[in-house]
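Participant: Let chain A serve as the given structure and place chain B on it in line with the hints.
Next come the chains, spelled out residue by residue.
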Amino acid sequence: MRLILEKRADRSPFFAIASPFLALLLTLIAGGLIFALRGINPLEGLYVYFIEPLTQLWSVEQLIVKAAPLVLIGVGLAVCYMANVWNIGAEGQLTMGAVCGSIAPVMFPEWQDPSVLVVMLIMGMIGGALYGAIPGLLKTRFNANEILTSLMLVYVAALFLDWLVRGPWRDPQGYNFPVTKTFAGWQLLPTFGGTIHLGALFALLACAALAFVMGKTLIGFEIKVTGNAPRAGRFAGFSRNRMVMLCFLLSGGLAGLAGICEVASVVGKLQPQISPGYGFAAIIVAFLGRLNPLGVLFAGLLLALSYIGGEAAQVTLGISDKIAKVFQGILLFFILSCDTLILYRIKFEMGRVGALKAAE
Amino acid sequence: MTAPDYLLEAIDIVKVFGTLRANDGVTLQVAPGQIHALLGENGAGKSTLVKMLYGSLQPTSGTIKWMGQEVVIPNPNAARKLGIGMVFQHFSLFESLTVVENISLAMPGKFDLDALSKKVEFYSGEYGLPLNPKATVADLSVGERQRIEILRCLMQEPKLLILDEPTAVLTPQEADLLFLTLRLLASEGCSVLYISHRLEEVKRLCHWATILRHGKVVASCDPREETAASLARLMVGGDIHTVRAAKAPRDGAVRFSLKNASLEADGPFAVELKNINLEVRGGEVIAIAGVAGNGQSELFDAISGERPLSNGSAVSIDGASCGAIGVTARRRMGAAFVPEERLGHGAVPVFPLSENVVLTRHSDDASLAENGLLNRGKANSIADRVIKTYDVRMGKPDPEARSLSGGNLQKFVVGRELDRQPKVLVVNQPTWGVDAGAAATIRQALIDLARSGSAVVVISQDLDEIFELADRIAVISRGQLSEAHPAHEMTAEKIGLMMAGSHEKESPHAAHS
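Chain order of the listed sequences is A and B.
Note that the working numbering has the first sequence beginning at 1, numbered continuously upward.
Note that the working numbering has the second sequence beginning at 1001, numbered continuously upward.
So here's chain A without its partners, still in its complex pose:
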């Protein structure tokens, strides 16, 4: 007997919608198995991981705080991936955004009025966008594979940040810890009462704006054409290189904004570690959200839950918080495999006739 992937004549509308949910279900089953192997009751494990965080106000707030950067980055990446531009380096763009945005508060700690915050946010976006422009230029000028270049630049950015906070930008009063001065006053994002800060609003605005751009404008149309059928894009007079640059600038800028928002809120200063891998998790967000700006919003909340659930699992169940990364990996794996069902159907064939067909 053979297992055959047969191409469908049309995209399956059912699986286009069902695929993320199916992936989620499979992730829960796989997660339950992992808990069981660790000797934990799977239902209890899954409850602690996925349900309990939603029952308390403070953890719901945390959920939104963590979802904000994921959504900001994820929505930019969704546009990139729609254009067939593979920016894998959002984590690096986030880092450089945080660094550039921090120039003002680190260099001028006394600068204390609303303008400093505006400067920080703008500089953050510029930093991320310019850092994203590097793989963009390498791609358009030298046809270098952007997956490799953007990913490698992540480590360059991380080391640069590390050097900054251990060297020139280290707080002289910081007891030799590798941190900058703590930001204060107008150098921090205002919050909505609790811990939810302005970043959440930016994330919402970014989703709404990009949903509009992709659905209603010629630029959005260009992005989709270039990604779907590059030859047709050239025939339509759209420049592929322009699209590559645009996508890198946009997604880099949004990642940079996410970076400075993190630094100017949750973290409150620069330090070697400023993100728990939001730039990478946002790749999952983009795919789970079906590369759709509104889908990304929900996917971002779900991925945020995986972080919070990981913390809860560590506290309540006594397992490593690396479990969050495991869940994220399993989820991406299942999303990508379930997406195969949109274009293909699985068939079982018996005997030699099947073998011949497959060979053709």
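What the hints contain is simulated information worked out from the structure, not anything from laboratory work.
Where hints are given, some of them may not hold.
BS3-like, lysine-lysine: derived pairs with alpha carbons at most 25 Å apart [unchecked claim]:
id: 1; chain 1: B; residue 1: K1051; chain 2: B; residue 2: K1065
id: 2; chain 1: A; residue 1: K216; chain 2: B; residue 2: K1396
id: 3; chain 1: B; residue 1: K1134; chain 2: B; residue 2: K1119
id: 4; chain 1: B; residue 1: K1051; chain 2: B; residue 2: K1216
id: 5; chain 1: B; residue 1: K1118; chain 2: B; residue 2: K1081
id: 6; chain 1: A; residue 1: K7; chain 2: B; residue 2: K1396
id: 7; chain 1: A; residue 1: K7; chain 2: B; residue 2: K1051
id: 8; chain 1: B; residue 1: K1110; chain 2: B; residue 2: K1159
id: 9; chain 1: B; residue 1: K1274; chain 2: B; residue 2: K1494
id: 10; chain 1: B; residue 1: K1134; chain 2: B; residue 2: K1110
id: 11; chain 1: B; residue 1: K1494; chain 2: B; residue 2: K1203
id: 12; chain 1: B; residue 1: K1378; chain 2: A; residue 2: K216
Facilitator: Frame of chain A; chain B shown alone:
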């Protein structure tokens, strides 16, 4: 038992794809040591036949005999075991590997590069195929790459070597070297099945020719006893030069012209355009005939501006130079283009028809994308108009482009441009793979557009179509375009000769004779 007369016999082969009979009772007999030409236009069924002989397709009915024995060839591996080798038109080589490494990948048995290198040197000396086994493929010319493919076949000591249009990618000098090798092979008793539509070449090289047209054998003859003209007539069909008495085009102004347009080849299989000149007047249809792969797609790219030229004045629309500007700007000047490939080039397969309207019309219909905002209502109404006017049939409203049949999508893609009433329309293969009814609709629309005062250029491989449409006919061969002659002065024979390169400035045989 006496030796069989024929090394290979394919008897009464039929191959059906859907409703198309690609091979319809084809019989082919190849004698040992014979260089046998398989002649025919594109779509005549040559490749289908050869694929069945090489085991990559299975005949619907008919028998294949190898050395007198009936055989079934289930796959290329089995064909190689029998002693059939094939050199494809497009090579399958790893550019970053050396010659000998590439050959080793195809060789059964132990992996021993040194021994293989010696073997490669031996064979390359023996058959006059000079090759350095240690050279990296990326550094080699197309001719040298082809030698690797041929050597790879020869090293398996085949009894029959199949070559698919081997000279299409070669310079005349390289082709002459290849012919020497093939003659040597034949003298040693190896048969060669030589697929081509270059008639002069076939006359020089081949001992026998089987000519296919529309999936049937129309003749089997000794090409050395035929003229190129008689072969051309057999190939394209004697029955088709019922030339339409062309209405003299009104003496319109020149609306579109190419002056010494040249374009470099952008890949090993691409064709270089050399000094192309063409003037098209309002009111007339000019057809550009030619065998596929002689520069048609490059010419289309140069005309449409998908690949702008360095010399701006090489292309002009209504007297204004536009050679150096892109496709959007040329559309704004009143030109419209329909490429050969409908899906993925002329239309985005997964987009609905209304969005495919935006694809080519966002630039000149300002209201479709005013201030960068899409006007979907307008796009829908254009799509509806095109669908109604050109009778595009579809299963549901505003379907994805790829769900339409070839003919209906072609009607849409052509109609989308005709709907603008362009001043200049350039169409590549307007009815490729389109059923007769749809083809007639499209051709009529093209003539009507021309008669309304526009200049129409049709690039086509279909001579029937060309005679039906054209007021003047030019022929493209190896990137060179002949002068355009009035259609009533042209015959299938003449065009056939020109397709084989009789008008080329550097004739392939000039260096030889």
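Participant: Confirm or reject each hint.
Facilitator: Here's how the hints hold up against the structure:
Annotation: proposed proximity of K1051 of chain B to K1065 of chain B holds, straight-line Cα distance about 15 Å (limit 25 Å). Between the alpha carbons of K216 of chain A and K1396 of chain B the distance comes to roughly 23 Å, so the proposed pair stays at or under 25 Å and holds. Restraint check for K1134 of chain B and K1119 of chain B: satisfied, since their Cα atoms lie roughly 13 Å apart, inside the 25 Å limit. As the CA atoms of K1051 of chain B and K1216 of chain B are separated by approximately 16 Å, the hinted pair is consistent with the 25 Å bound.
Only pairs whose Cα atoms come within 25 Å are accepted, and K1118 of chain B paired with K1081 of chain B is accepted, the gap being roughly 23 Å. Proximity of K7 of chain A to K1396 of chain B is assessed by CA-CA distance (about 22 Å); at most 25 Å being required, the pair is judged to hold. Distance restraint check for K7 of chain A and K1051 of chain B: the Cα-Cα separation of roughly 24 Å lies within the 25 Å cut-off, and the hinted pair is therefore satisfied. A threshold of 25 Å between alpha carbons decides the hint, and for K1110 of chain B with K1159 of chain B the separation of about 23 Å falls inside it, so the pair holds.
Between K1274 of chain B and K1494 of chain B the CA atoms are separated by roughly 22 Å; this keeps the pair inside 25 Å, and the hint holds. Among the hinted pairs, K1134 of chain B with K1110 of chain B is consistent with the structure: their alpha-carbon atoms are about 19 Å apart, no more than 25 Å. This hinted pair checks out: K1494 of chain B and K1203 of chain B have alpha carbons roughly 17 Å apart, not beyond 25 Å. The suggested pairing of K1378 of chain B with K216 of chain A holds, with an alpha-carbon distance near 13 Å, which does not exceed 25 Å.
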